[in-house]
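Listed below, chain by chain, are the residues.
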Amino acid sequence: MRNPLSKTIQDIKPSGIRKFFDIVSEMPEAISLGVGEPDFDTPWHIREEGIYSLEKGRTFYTSNSGLLELREEICKWYKRKYGVDYDYRHEALLTVGGSEGIDVALRAMLDPGDEVIIPEPCYVSYVPCVELAGGVPVTIELKNENEFRLTPEELLAAITDKTKILILAYPSNPTGAIMTKEDLAPIADICKEKDIFVISDEIYSELTYGGYTHCTIGSFPGMKERTIIINGFSKAYAMTGWRLGYALAPQVIAEQMTKVHQFAIMCAPTTSQYAAISAIKEGDKDIEKMRESYDKRRHFLLKAFEEMGLPCFEPKGAFYMFPCIKEFGITSDEFATRLLQEEKLAVVPGTAFGDCGEGFLRISYAYSIDELREAMGRIERFITRLREKNA
Amino acid sequence: MNTEILKLLETDSKLSVKDIADMLGLDEEKVAADIKAMEDKKVICGYHTMIDWDKVAEEKVTALIEIKVTPQRGQGFDKIAERIYNFEEVSAVYLMAGAFDFTVILQGKTLKEVSMFVSNKLAVMETVVSTSTNFVLKKYKDHGIIFDVEKKDERLAIIP
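Protein chains in written order, with this note's numbering: chain A, 90 to 480; chain B, 257 to 416.
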């Protein structure tokens, strides 16, 4: 029999966290700080709206782009929050989570050989999605000393005449970094000058702390035309399982993204779309409640790391900490494996998010204070032993 | 006054001063002083424990008693309320707008204790026109806490 598989898919590395997932699953007493989703239930008014839509028998396809009312509300919301105006009839598309939005944007925009700049550490899907779309990923190694923000120098050094797209994902999973308006301004200038498009993955846009609010690169003059906004309901409204995201893009791109989406997916889940109307119209207070709660846990972990002397820059977004473990002289993978075996605490090694994540861990704080307190006790015991041995 | 501290204590009064300080990014001394000041001012009126008495298996009930009264000249409702809330078996008294004047709540009493209290103490007060006693059959949620629902973390252990 001939090889049933494509070269492309065989060349794509499996996700680095699979191994940990398998070990943790066999360990019922383990605590995990490895989860990349909120610990809140979807607010009841949103769930209730979903239930109601099922009771009313709204169980059919929607239009390919999604419910008109939802698109209209999303565009109103986005304008109100981030000051960029999108035409809900032609520039908005409901997708199956933010993930699908990234995939369809890349497939709508890339020709074979086009280069896509991906600052790492980053979410696990960007590189494989670029490869599946026939593009060439060009990664940039973000630096701890820059608090994992992309600098203009780093961007310029990565640009070639084949560069077509920059994927910008702030607030960041896995680092928790954000980029302010001042940080973004020179990046926007370069993109305009070098004629580069930006896929701006803003799925964590609502989760920023310490007085910072999210700024989109699409809000700079001349940038809306070359920016594809990816966002969704998963993180802001604790709706991960509903699988609902959206893309906002100039009509010429949005139309072709809709084409890919139409043939691959047809439309985003109808129940989720009805529920999301309630989220986007009445969900501001829910976001604020959850955001305040994450912020308390963020403070709690920052203090715990400070007390145990584990260096970590102060993350201003998402719900992750990205502490540095280089002092222990072992790899992230070994650190995480031993932490799991010896203290039954699961975290994700930084290398799961790119090679330059070596020497770091991703620690999620989407957990209760009680769980975090217990977990910090375990990690402190573990690093105390490591330090004693190294001394 | 620090409402952030209050919000934390309202959901978990067992949080330590250190926990609160860490969660809010404040000094422990500052948090301890704020709490003390709010206790002194009676902003914080006590630290209670949410108990599901149904699980304690004794024949205890919660009764909501609606009371209609005739307010006395020069004394109004407050004086009548005082005569009611000073009974130690009363756990809450509210002045109401609507078809009756006071709601009186008795908690953790037996049926007999409730009926004795209503007939011997409340109904005989001269200002009381009528009483209507209601019993709680089952508590689903109290003080924002949903009873009897065990919450398990159903998320996958590791998610990118």
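These are calculated hints, taken from the structure and not from any lab test. Mixed in with the good hints, there may be bad ones.
[To be verified] Beyond 10 Å from chain A on every Cβ pair, some chain B residues (computed):
1) Leu-262
2) Asp-296
3) Gly-302
4) Val-380
5) Phe-403
[Unchecked claim] No farther apart than 27 Å at their CA atoms in a straight line, the calculated lysine-lysine pairs in the DSS-like style are these:
6) A:Lys-165 x A:Lys-433
7) B:Lys-292 x A:Lys-374
8) A:Lys-478 x B:Lys-407
9) A:Lys-378 x B:Lys-263
10) B:Lys-397 x B:Lys-270
11) B:Lys-263 x B:Lys-365
12) B:Lys-274 x A:Lys-378
13) B:Lys-270 x A:Lys-378
14) A:Lys-170 x A:Lys-281
15) A:Lys-392 x B:Lys-298
16) A:Lys-415 x A:Lys-374
17) A:Lys-433 x B:Lys-408
18) A:Lys-378 x B:Lys-311
19) A:Lys-378 x B:Lys-316
20) A:Lys-165 x A:Lys-232
21) A:Lys-348 x A:Lys-392
22) B:Lys-263 x A:Lys-370
23) A:Lys-283 x A:Lys-102
24) B:Lys-408 x B:Lys-377
25) A:Lys-108 x B:Lys-263
26) B:Lys-395 x A:Lys-102
27) B:Lys-397 x B:Lys-316
28) B:Lys-316 x A:Lys-374
29) B:Lys-395 x A:Lys-378
30) B:Lys-316 x A:Lys-392
[Claimed, not checked] Label-pair distances were calculated between CB atoms; the ranges are:
31) A:Trp-166 x B:Met-352: 32 to 42 Å
32) A:Trp-166 x B:Leu-393: 37 to 47 Å
33) B:Ile-415 x A:Glu-423: 17 to 27 Å
34) A:Lys-433 x B:Tyr-396: 54 to 64 Å
35) B:Asp-268 x A:Asn-92: 27 to 37 Å
Because the structure is a prediction, the values reported are computed rather than measured. Virtual Cβ for every residue (Gly too), placed ideally from N, Cα, C.
Quick rundown of the hints versus the structure:
Every beta carbon of chain A lies more than 10 Å from that of Leu-262 (chain B), the smallest distance being close to 13 Å; the non-interface claim holds. A cut-off of 10 Å between C-beta atoms confirms that Asp-296 (chain B) is not in contact with chain A; the least separation is 25 Å. The claim that Gly-302 (chain B) lies off the interface holds: its Cβ sits roughly 22 Å from the closest Cβ of chain A, which is beyond the 10 Å cut-off. With a minimum CB-CB distance of about 45 Å to chain A, Val-380 (chain B) clears the 10 Å threshold, and the non-interface call stands.
Against the 10 Å criterion, Phe-403 (chain B) stays outside the reach of chain A, whose nearest CB is about 17 Å from its own CB. Using a Cα cut-off of 27 Å, the hinted pair Lys-165 (chain A) and Lys-433 (chain A) is violated, with the two alpha carbons roughly 46 Å apart. Between the alpha carbons of Lys-292 (chain B) and Lys-374 (chain A) the distance comes to roughly 30 Å, so the proposed pair goes past 27 Å and is violated. Note on Lys-478 (chain A) and Lys-407 (chain B): the hinted pairing is violated, with a Cα-Cα distance of about 40 Å set against a maximum of 27 Å.
A C-alpha spacing of about 11 Å is found between Lys-378 (chain A) and Lys-263 (chain B), which places the hinted pair at or below 27 Å, so the restraint holds. For the hint pairing Lys-397 (chain B) with Lys-270 (chain B), the CA-to-CA distance comes to about 20 Å; that is within 27 Å, so the pair holds. Using a Cα cut-off of 27 Å, the hinted pair Lys-263 (chain B) and Lys-365 (chain B) is violated, with the two alpha carbons roughly 31 Å apart. For the hint linking Lys-274 (chain B) to Lys-378 (chain A), the alpha-carbon distance of about 22 Å falls within 27 Å, and the restraint holds.
Straight-line distance between C-alpha atoms of Lys-270 (chain B) and Lys-378 (chain A) comes to about 21 Å, which keeps the hinted pair within the 27 Å bound. For the hint pairing Lys-170 (chain A) with Lys-281 (chain A), the CA-to-CA distance comes to about 24 Å; that is within 27 Å, so the pair holds. Restraint check: the Cα-Cα separation between Lys-392 (chain A) and Lys-298 (chain B) comes to about 30 Å, which exceeds 27 Å; the hinted pair is violated. Between Lys-415 (chain A) and Lys-374 (chain A) the CA atoms are separated by roughly 40 Å; this puts the pair beyond 27 Å, and the hint is violated.
Distance hint between Lys-433 (chain A) and Lys-408 (chain B) is fulfilled; the C-alpha atoms sit about 19 Å from each other, no more than 27 Å. Only pairs whose Cα atoms come within 27 Å are accepted, and Lys-378 (chain A) paired with Lys-311 (chain B) is rejected, the gap being roughly 32 Å. Note on Lys-378 (chain A) and Lys-316 (chain B): the hinted pairing is violated, with a Cα-Cα distance of about 36 Å set against a maximum of 27 Å. Straight-line distance between C-alpha atoms of Lys-165 (chain A) and Lys-232 (chain A) comes to about 36 Å, which puts the hinted pair past the 27 Å bound.
About 49 Å separates the Cα atoms of Lys-348 (chain A) and Lys-392 (chain A), which puts this hinted pair outside 27 Å; it is violated. Pair hint Lys-263 (chain B) plus Lys-370 (chain A) holds up; C-alpha atoms about 26 Å apart against a cutoff of 27 Å. Between Lys-283 (chain A) and Lys-102 (chain A) the CA atoms are separated by roughly 31 Å; this puts the pair beyond 27 Å, and the hint is violated. Among the hinted pairs, Lys-408 (chain B) with Lys-377 (chain B) is inconsistent with the structure: their alpha-carbon atoms are about 46 Å apart, more than 27 Å.
Distance restraint check for Lys-108 (chain A) and Lys-263 (chain B): the Cα-Cα separation of roughly 40 Å exceeds the 27 Å cut-off, and the hinted pair is therefore not satisfied. Annotation: proposed proximity of Lys-395 (chain B) to Lys-102 (chain A) is violated, straight-line Cα distance about 53 Å (limit 27 Å). Taking the CA atoms of Lys-397 (chain B) and Lys-316 (chain B), the gap is about 18 Å. The hint holds against a cut of 27 Å. Taken as a hint, the Lys-316 (chain B) and Lys-374 (chain A) pair is broken in the structure, with Cα atoms around 38 Å apart against an allowance of 27 Å.
Using a Cα cut-off of 27 Å, the hinted pair Lys-395 (chain B) and Lys-378 (chain A) holds, with the two alpha carbons roughly 26 Å apart. About 45 Å separates the Cα atoms of Lys-316 (chain B) and Lys-392 (chain A), which puts this hinted pair outside 27 Å; it is violated. Checking the proposed 32 to 42 Å range against Trp-166 (chain A) and Met-352 (chain B) shows it holds: the Cβ atoms sit about 40 Å from each other. Separated by about 43 Å at the C-beta atoms, Trp-166 (chain A) and Leu-393 (chain B) satisfy the suggested range of 37 to 47 Å.
Our hint of 17 to 27 Å for Ile-415 (chain B) and Glu-423 (chain A) holds, since their Cβ atoms are close to 22 Å apart. Checked against the hint of 54 to 64 Å, the pair Lys-433 (chain A) and Tyr-396 (chain B) fails, with Cβ atoms roughly 36 Å apart. About 58 Å separates the C-beta atoms of Asp-268 (chain B) and Asn-92 (chain A), a value inconsistent with the hinted range of 27 to 37 Å.
Figure legend: structure checked against the earlier numbered hints; hints not met, in rising order: 6, 7, 8, 11, 15, 16, 18, 19, 20, 21, 23, 24, 25, 26, 28, 30, 34 and 35.
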